[in-house]
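Each chain is listed here by its residues.
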Amino acid sequence: MTDAALRRRQIIAAGLLTLVLLALPLVATDFHLSVLGLIFLHAIVGIAWNLMMGFAGQLSLGHALYFGIGAYIVAFLSERFGISPWLGMLPAFIVPGLIGVAIGALGFRFSVRGVYFALLTIAFAEFARILFEHWDYVGKTAGYFFAALTPANRPLVSLRGGARFFYYALLVTMIAAWLLSMLLVNSRVGYFWRAIREDEDAARALGVQALRMKLLVVAVSAGITGVAGGWFALVNGSLFPDSVLGMRVSIDFIVAPIVGGLGTLFGPILGAFIIVPLNELSRDISQASGINGLNLLIYGVLLLVIVVFAPQGCWPGIAKRLGLAKSGEADRDQS
Amino acid sequence: MISLEVKGLTKRFAGLVAVDEVSFDVAQGSITALIGPNGAGKTTCFNMVAGAMAPSAGHVLFEGRDITGQQPEDLCRLGIARTFQIVRPLTGMSVLDNVVVGALMRTASVAAARQVAHALLARVGLDAKADQMASSLTLPDRKMLELAKALSTRPRLLMLDEVMAGLRPTEGDRIADVLRSLNRDGMTILLIEHVMRIVMSLAQRVVVLHHGAKIADGTPAHVVTDPRVLESYLGRKARPA
Chain A
1 MTDAALRRRQ
11 IIAAGLLTLV
21 LLALPLVATD
31 FHLSVLGLIF
41 LHAIVGIAWN
51 LMMGFAGQLS
61 LGHALYFGIG
71 AYIVAFLSER
81 FGISPWLGML
91 PAFIVPGLIG
101 VAIGALGFRF
111 SVRGVYFALL
121 TIAFAEFARI
131 LFEHWDYVGK
141 TAGYFFAALT
151 PANRPLVSLR
161 GGARFFYYAL
171 LVTMIAAWLL
181 SMLLVNSRVG
191 YFWRAIREDE
201 DAARALGVQA
211 LRMKLLVVAV
221 SAGITGVAGG
231 WFALVNGSLF
241 PDSVLGMRVS
251 IDFIVAPIVG
261 GLGTLFGPIL
271 GAFIIVPLNE
281 LSRDISQASG
291 INGLNLLIYG
301 VLLLVIVVFA
311 PQGCWPGIAK
321 RLGLAKSGEA
331 DRDQS
Chain B
1 MISLEVKGLT
11 KRFAGLVAVD
21 EVSFDVAQGS
31 ITALIGPNGA
41 GKTTCFNMVA
51 GAMAPSAGHV
61 LFEGRDITGQ
71 QPEDLCRLGI
81 ARTFQIVRPL
91 TGMSVLDNVV
101 VGALMRTASV
111 AAARQVAHAL
121 LARVGLDAKA
131 DQMASSLTLP
141 DRKMLELAKA
151 LSTRPRLLML
161 DEVMAGLRPT
171 EGDRIADVLR
181 SLNRDGMTIL
191 LIEHVMRIVM
201 SLAQRVVVLH
211 HGAKIADGTP
221 AHVVTDPRVL
231 ESYLGRKARP
241 A
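So the protein sequences, as listed, match chains A and B. Here the first sequence is numbered in the working numbering, starting from 1 and rising by one per residue. Here the second sequence is numbered in the working numbering, starting from 1 and rising by one per residue.
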């Protein structure tokens with residue numbers, strides 16, 4: 001198969017998937033739509049995290065920081081200051097992006113690499129969580145609540161609505177994040193990121209401005225994650241430091257891109273489609289059986305099975321079988 | 001004209017002087033070899049010139065400009081490219097993409113960079129393997145890829161750290177042929193090399209290091225007859241009892 005034919009197949013597949021997702025609300029129940037919305041939310045953060053880890057090789061275990069900051073920004077601007085969430089999304093992108101750059105600059109400037117950089121990201125996220133838990137203005141651990149929706153609410157103005165509204169809103173955001181990541185990965189910047197991922201010193205010897213490129217990827221990744229956080233605030237209507245800034249949030253969000261396939265464009269989306277339903281299913285089983293915590297056990301075992309059978313993630317193998325990737329090894333980044 | 005000027009370059013590690021006030025010039029358009037027994041300080045010297053290591057003292061000038069202590073990526077931009085003694089292919093990327101990365105430093109267009117990369121792979125004889133993963137290459141091919149990567153940044157000075165080490169003679173000759181043809185096109189080359197046969201046939205100028213200090217500097221024919229060079233390589237004659 002030639003490159004052009006492959007590209008055509010990929011575009012057709014992506015178009016078909018988009019059409020199906022657009023039409024799904026015609027048949028799905030509100031419950032299904034809200035689960036799908038949750039899938040899209042995980043996919044958005046997964047895409048963002050994967051840009052950093054999968055393409056530029058920078059491990060972050062503190063993405064909850066960007067998610068939480070984005071969530072609180074949108075919530076506060078709209079509830080306290082009456083600023084439309086449409087506008088609130090902008091600082092929800094920019095502020096986490098800047099925080100990411102600051103953390104990155106601090107770490108990368110002093111050559112903090114690999115797991116030590118990951119520790120730094122955890123430290124900042126935990127710092128923010130503890131700060132928010134003791135900060136009166138944001139409601140401490142008691143959380144922060146949106147006012148209840150009135151019948152006069154117009155979703156396109158308040159960006160709050162029912163399951164169907166959020167379904168479409170998150171779908172559009174996910175597609176935008178996907179397109180943005182595709183654009184970046186296939187551009188000059190994407191080549192530099194991958195070179196840094198493979199061998200930073202060798203990349204620098206090829207003229208790659210590693211520091212600048214790493215700050216860029218953190219900024220984009222943190223920004224997208226902040227927007228996802230903003231949507232989470234609007235969907236949920238309530239925010240608690242532990243539920244948006246906690247360590248568990250950071251860990252939850254990285255499972256989907258790993259299961260889907262690190263360093264692939266579609267992997268985070270596929271991963272979210274696998275992980276979120278698994279999570280819901282195991283919770284149902286746990287509740288039906290009356291055994292507390294059984295869900296985590298089931299979830300863990302299922303994850304283990306996936307990791308054992310598809311150590312590269314699920315997407316590379318599936319993409320090959322569907323004829324959406326070259327049969328060689330060299331397809332890892334293109335699909 | 002002088003391409004590279006090294007003046008009093010010194011590197012001290014705790015209690016050890018690895019490179020001791022080494023000075024030499026690389027003439028533009030020349031092939032200059034840096035040789036010496038193991039541990040002579042060649043790679044340390046090389047790394048300081050290439051910006052991978054900051055010198056303790058001394059200066060490096062490239063085309064008259066002081067570049068001492070500059071970062072590798074900035075030197076690359078100025079026109080100095082290097083290869084690593086232990087080859088460092090970007091293993092998770094295709095052979096072509098390895099070369100595209102360097103070409104993208106000079107152009108923002110991925111399509112243009114791919115064209116440059118294809119041409120360079122053809123020049124080093126790797127074009128048929130362009131779509132393979134770099135991790136699948138054999139050592140001789142990896143050395144060639146290392147060379148193509150360095151060339152992709154369009155350098156005026158090419159620094160090669162033992163590109164022929166670990167190769168069979170015929171494979172070494174293949175690289176030597178490529179280097180000769182590059183040099184004919186005007187490329188200045190500074191190489192560290194152990195394979196004396198190739199140094200003698202390739203280099204116009206040889207700088208010899210021993211225990212971190214320069215002990216000889218001249219044409220290959222001149223250097224091999226220098227008693228200090230012979231001594232450093234072959235050892236001192238035993239004194240009569």
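Honestly, the hints are just simulated from the structure, not real lab data. Just to be clear, a hint being listed does not mean it is correct.
Label pairs and their computed distance ranges (CB to CB) [to be verified]:
| id | chain 1 | residue 1 | chain 2 | residue 2 | range |
| --- | --- | --- | --- | --- | --- |
| 1 | B | Thr91 | A | Val301 | 31 to 39 Å |
| 2 | A | Val301 | B | Arg154 | 15 to 23 Å |
| 3 | B | Arg106 | A | Leu22 | 57 to 65 Å |
| 4 | A | Ala152 | B | Ala108 | 28 to 36 Å |
| 5 | A | Tyr116 | B | Asp177 | 39 to 47 Å |
| 6 | B | Arg154 | A | Leu17 | 20 to 28 Å |
| 7 | A | Pro277 | B | Leu78 | 39 to 47 Å |
Rough simulated footprint, nothing fancy, chain B against chain A, three-plus residues with beta-carbon under 8 Å [claimed, not checked]:
| id | region |
| --- | --- |
| 8 | 91-105 |
| 9 | 178-190 |
Here the structure is a predicted model, which means the values were calculated and not measured. The beta-carbon is built from N, C-alpha and C at its ideal position, and this holds for glycine as well.
Here's how the hints hold up against the structure:
{"no.": "1", "hint": "B:Thr91 - A:Val301: 31 to 39 Å", "verdict": "holds, 33 Å"}
{"no.": "2", "hint": "A:Val301 - B:Arg154: 15 to 23 Å", "verdict": "violated, 54 Å"}
{"no.": "3", "hint": "B:Arg106 - A:Leu22: 57 to 65 Å", "verdict": "violated, 43 Å"}
{"no.": "4", "hint": "A:Ala152 - B:Ala108: 28 to 36 Å", "verdict": "violated, 50 Å"}
{"no.": "5", "hint": "A:Tyr116 - B:Asp177: 39 to 47 Å", "verdict": "holds, 45 Å"}
{"no.": "6", "hint": "B:Arg154 - A:Leu17: 20 to 28 Å", "verdict": "violated, 42 Å"}
{"no.": "7", "hint": "A:Pro277 - B:Leu78: 39 to 47 Å", "verdict": "violated, 54 Å"}
{"no.": "8", "hint": "91-105", "verdict": "violated (count 0)"}
{"no.": "9", "hint": "178-190", "verdict": "holds (count 3)"}
Violation of the numbered hints given earlier is confined to hints 2, 3, 4, 6, 7, 8; the remaining hints are satisfied by the structure.
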